[in-house]
Amino acid sequence: MKYENKVLLINILKKPIVSTLIAIFLGLLVAGGIIGALGYSPAMALNSLITGVFSRPKYVFKVIEKSTPMIFTGISVAFAFKAGLFNIGAEGQYILGSVVATVVGILFNFHPVLQIPMVILSGVVASTILGSFTGFLKAKFGVHEVISGIMFNWICLYLCNFVVNNPIFHKVSTSKTYSINKSGFITLLHEWKRSKEGIEYLRGNSFLSDILLKTDLNVSFLVAILVAITIWFILYKTTLGFGIRAVGNSPKAAELAGISVKKNVIKSMGISGAICGLAAALNISGVSPHGLYLLNMFENIGFNGISVALIGAGSAIGCIFSGLFFGGLIYGGNNVQSDLGIPSEIINITMGAILLAIALTKIIPSVVKKFIFRLKESDDI
Amino acid sequence: MENLPKKDTAEYFLQMKNITKCFGKFRALDDVNLNVRRGSVHALLGENGAGKTTLMNILYGLYQADLGEIFINGELVQIKNPSVAIDLGIGMVHQHFKLVQNFTVAQNIMLGCEVTSPFGVLDFKEFNKKIAKIIDQYGLKVDLKARIENISVGMQQRVEILKTLYRGADLLILDEPTAVLTPAEIEELINIIFKLTSSGKTVIIITHKLKEIKAVAQSCTIIRKGKYVDTLDVEKTNKHELAKKMVGRDVKLVVDNPPENPGEVVFEISDLCIKKETSENLFAVKDLSLKIRKGEILGLAGVEGNGQKEIAEAIMGLRKVSSGKITINGKEIQNLTPYEVIKNKVSIIHEDRHKRGLILDFSVAENAVLEEYRESPFSRNGILNYKAINKFTKELIKQYDIAPERCHRRRIRKLSGGNQQKVIIGREIHSNPDLLIAMQPTRGLDVGAIEYVHKTLIKEREKGRAILLISLELDEILALSSRVAVIYNGEILGSFSRKEANEENVGFLMAGGNENVA
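Note that the protein sequences, when read in sequence, are chains A and B. If you count the first sequence from 1, you need to add 777 to reach the working numbering. If you count the second sequence from 1, you need to add 2 to reach the working numbering.
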C-alpha cells in the first residue's frame, strides 16, 4: 500500500461516523451470534426486525414517536458532554418535566393558544431549575453531577408516584393519572380525525388513516430537529457556546482567560435540563395517555439518552440519527419477540454490545496504524 | 549474528551506529552515530525535538530502532525492553523523577528490586548494608528514612541516581539533570558526576545548556532535526561553536538589552500573604512587597516552589489572598475574578502552556481570542463573528511569524511549542496590558524561539510596559531584568539592580542564604 493511501485509510477510520458504523456492525454481529447460539436464525431475526420497522407507514411513524424523547435526551446529554459534564440526571429531569406538565395540564384549562405553551413551558422551566440546581451544587459545593443526578432521579421517581397516587390526579381503578385537558394536546388533527367527516375521509386513504389513527402523530420530531440545529448553533456560533466549550475542554485555561467555570457549569446544566423538560412536556401533550403512570422503575428515557449521545458521537445532529436507530431497535425488537419468540432483552444486549464496541473503536485507528506501518521495508513508504 | 566481527573498541563503552527511527513518515532519527568512551562524561546536545530523548529511549529499550546497531563493550546487543537495558548496566534518570511520593527513600530504591529473606519478607538490614556502601563510595548523601514528599529536589535526584547504581548501572543517562536545581545543587551534582566517572562509570547527559557542557563533559555529540551533526572535544570548542552547530545558524546567546528608562510605578504588591493550599496555618507567601515601574522588567528569581506560582495566580485572581494589597494604576485588584483582573489591564504568559495558556483542542483562531471573544468585533450580541476572528488571527500569525503560515483553523495541539507560545504572547500583548506577567516564558522552547521571546519582552519593555518576569533560569533573569528580586520560602530575601546582580549573589539567596552573611 502506498504511504498516502495508508494515511488516507487511517484518517477515514478516525472519522466518528465510520467508527460508529463499525461499532454498530460489531454490535449486531454479537447479537446475531447470541441469537444463533440460542438456536434461532439470526437472518430471520434481522428480517423480522426490519419488517417490524419498515413494512407499514404506521411502524415507521411509531418508531419516530418512540425515538423522539430519546433524541431530546440524547441531545441533552451530548450538550452536557461538551461542557465536560455527565448529565446522568437526564432521567430525573425528564420525569420532573412530565410531572409538572401533567399537573399544569390537568389543573388548568385555557384556550389551546394559551394552554399548550403553558403546559410545555412549565415542564421546561421545572427541568431547567432542576438541571441548574445540579450544576449549582457542583459549582458551589463541588458535589459531582453524577452523584447528585442519581439522587435527583430517585427523588423525581417518587415525586411522580406521589402525584399519581394523589386523589386530585389519580384516575380511579387505574395506575395512571387523568389525561391533561384536551386544550393542551398537540397531537395533529386530534379533533378532526375523530369527527364524522374525518373518519369518512380517512376511510378512503389508507396511508393517512394508518399514520393518523394508529399513531399519535405530532410535531415533536420536527421540534427535536430544530433543537438539534439550535444547540449546534449555540455551541459553535455564539459566545455562550464558546465559553461552554472552553470550560468543557479545559477548565483551567478557561478560568485564566476570564471565563467563569462555575457560571458555565450552571448554564450548561440548565440548558441540558431544559431539553429534557421540553422532551417530557411534548410527550405529555403529544402522545397518549397524556399523563403519568405509576413508576415501578425508571422508564429509561433519560438513561437511553446517554447511549444515544454516545452513539451519536456527542454531536447534537448525530443524536437525531442515533436516536432513530435506537428507537427502531426497541420498536422492531418487539416484533422480533412476537414473530420468533426471541426475548426482547436481546435488544438490550445488542445496545450494550454496540456501546462497548464504540468504546473500543477509538483504538481501531491506532491498531490499524501500528499494523500497516509495521509492513515497512517491503513497502514503498 | 555470531559471524559478526567483534569490534575492537575496548575504549568505548557504548557505540550506537547508524540509528534510524521513523514515526510514520517523520524521521525522528536519521543515521545517528554515538560513541561514548568508558569512564567519560558525554553530552548529548540538541534543541527540543532534535531527537536526543528518542535516541536515549532507544538505548534504554523503550523504542526499537528501525535501522542501526548498538554495541555495549564491543558486543552487539538487542535491547528489547528496559529490563534488558538494566541487565546490560544501563540506568536512566528521567527529567521528571519517577518516585513514589509517600514512600521512603529506602523503599523507593528497593522498589522492583527488593531484598527479601525467605517467605518474601523485606530484609532492610541486608539492604541497608548494600546501599550504605554505594552512598559512601559516591558521596550521595540521602536520608534513607525520609519520605520523598519531604525531601528537596536535589536529594530526589540523588535518590534516582542511587536507584540506577543499586541496580548495577555502569552507564548513567541523565536527562536534563539541572533543569530543576539551584546553582549550589548543580555544583554538587557536578561533583557527584566526577566521582562516578573516576570510579569507572560512564555518564551521558542530555542537555541544551552550553555552560554545563563546558563544566562537566569531555566530549559532546550534537544532533539537529534528527540528523547527526558532529562530535566535538569539549576542551577544544567554545559555547558559540556549540550553539551554532546545534541551531544551524549564528545565534545570539544573550539578547541586546539596551538601558531602560523606567517611568512611574504602575504595579504594586504590599504585605501580601497567601495561604498554602494544603494547610490553613502555613503560608506560601508571607508579607511580600514589590513595585514595578513603567518600562522595566522585574525579574523574580528563585527555585521552583518558593511561592512564585502562588504570587502569579493571586495577581490573576486564581487564588485567594489572605491579607495585603495588589494594586495596578492605583486600583486594588486582590481577590477579584480573573475576568475583572484582565479588564484592569493585567496579562499573563503562564508557565503551563498546555493546561492554563491554551485549549489544545481549540483552533489557533479560537485560542487567539480566548480572552476577547466577548468583545467587538469578535462577537456582536452574543453571536461570534468568525470573519473578524479569522482576520485577526491571520494578522497575528503574520506579525509573530507563526508557522505553519495557514494554520488559523488548525487545532493548536498540532503546532510546535515555540509557535504555541507565540500565539499566547501575541494574544496577551494584543490586549495592551499595563502589567505583563511572563512566567517561565521560554520553558521547553528551543534556542531560536527563546531568542524570539526574549527580544519580544525587551521590545515590550521599551514600549513602556511593566513586566514581571518569573523564571527558574538564572541566566534568563540576569539577561532580561532591570531589577532582580530573589524569592525564597515565600519571602523576598533581597533585590539587586541590573548592575549589582550576578550569578553568585543571586544564586546564594536563591538557596536561602542570608544577605548579611554574603
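Simulated from the structure, these hints should not be mistaken for laboratory data. Don't take each hint at face value.
Pairwise CB distance ranges (calculated) [what the hints assert, rightly or not]:
1. D477/B / L798/A: 52 to 58 Å
2. D1116/A / A390/B: 57 to 63 Å
3. V920/A / K213/B: 51 to 57 Å
4. R39/B / L786/A: 43 to 49 Å
5. F802/A / R39/B: 29 to 35 Å
Covered, in the sense of this in silico footprint (three residues per stretch, anywhere, with C-beta under 8 Å from a C-beta of chain A), are these stretches of chain B [what the hints assert, rightly or not]:
6. 104-118
7. 378-387
8. 468-478
Glycine included, every Cβ here is placed at the ideal spot set by N, Cα and C.
Hint check:
1. D477/B / L798/A: 52 to 58 Å: The hint (52 to 58 Å, Cβ to Cβ) holds, given that D477/B and L798/A are roughly 56 Å apart.
2. D1116/A / A390/B: 57 to 63 Å: Taking Cβ atoms as reference, D1116/A and A390/B lie about 59 Å apart, which means the hint holds.
3. V920/A / K213/B: 51 to 57 Å: Because 52 Å falls inside the window, the suggested range holds.
4. R39/B / L786/A: 43 to 49 Å: holds (47 Å)
5. F802/A / R39/B: 29 to 35 Å: Roughly 59 Å apart at Cβ, these two residues miss the hinted range, so it is violated.
6. 104-118: violated (count 0)
7. 378-387: holds (count 4)
8. 468-478: It is violated, with 0 qualifying residues against the three required.
In the structure shown, a violation is registered for the earlier hints numbered 5, 6, 8, in ascending order.
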